[in-house]
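Chemist: Sequence:
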Amino acid sequence: MLLDQFETLFVLVIFVKLLLAFIVTIVLNVIVGKVIDYLQQMNLFINMLSKYFQLIICKQRYYSSVIGNCQTVAVVICENYGRNFH
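Per our numbering, the very first residue in the sequence shown carries number 146; after that it's consecutive.
If you're looking for bench data, these hints aren't it; they were derived computationally from the structure. Note that CB positions come from ideal geometry on N, CA and C, so glycine has one too. Be careful, since some hints might not be right.
What the hints assert, rightly or not - Using C-beta positions, here's what the derived DEER-type ranges look like: (1) F190 x L157: 45 to 53 Å; (2) V175 x D149: 49 to 57 Å; (3) I171 x D149: 28 to 36 Å; (4) F155 x S195: 54 to 62 Å; (5) I168 x L189: 42 to 50 Å.
Turn these sequences into a full structure, and let the hints steer you where they fit.
Modeler: Shown next, in the form of structure tokens:
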């Protein structure tokens, strides 16, 4: 009788531990997934800002350049970003 209760308790403890491990794993996966999504969104935002500022620099270089070399460089940079400010 005592042995049966001990076995039942032992099985119950193992079951609860497995259940907790499963829940913790799911929670960690969700948290890590959210963090990765956030970092990817930040990366896209930073890339967008970077391209925007490079286009502004490109415009300024093109319009303010008098020397032929600077114009050529600016036009090439503009074309690389899908814009030509010629």
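Chemist: Confirm or reject each hint.
Modeler: So, going through the hints one by one against the coordinates:
Separation of F190 from L157 is about 49 Å and conforms to the stated range, judged on CB atoms against 45 to 53 Å. At about 39 Å, the CB distance of V175 to D149 disagrees with the hint of 49 to 57 Å. As the Cβ distance of I171 to D149 is approximately 33 Å, the hint placing it in 28 to 36 Å holds. The given range of 54 to 62 Å is respected by F155 and S195, whose C-beta atoms sit roughly 59 Å from each other.
As the Cβ distance of I168 to L189 is approximately 32 Å, the hint placing it in 42 to 50 Å is violated.
Consistency with the previously given hints fails for numbers 2 and 5, ordered from lowest to highest.
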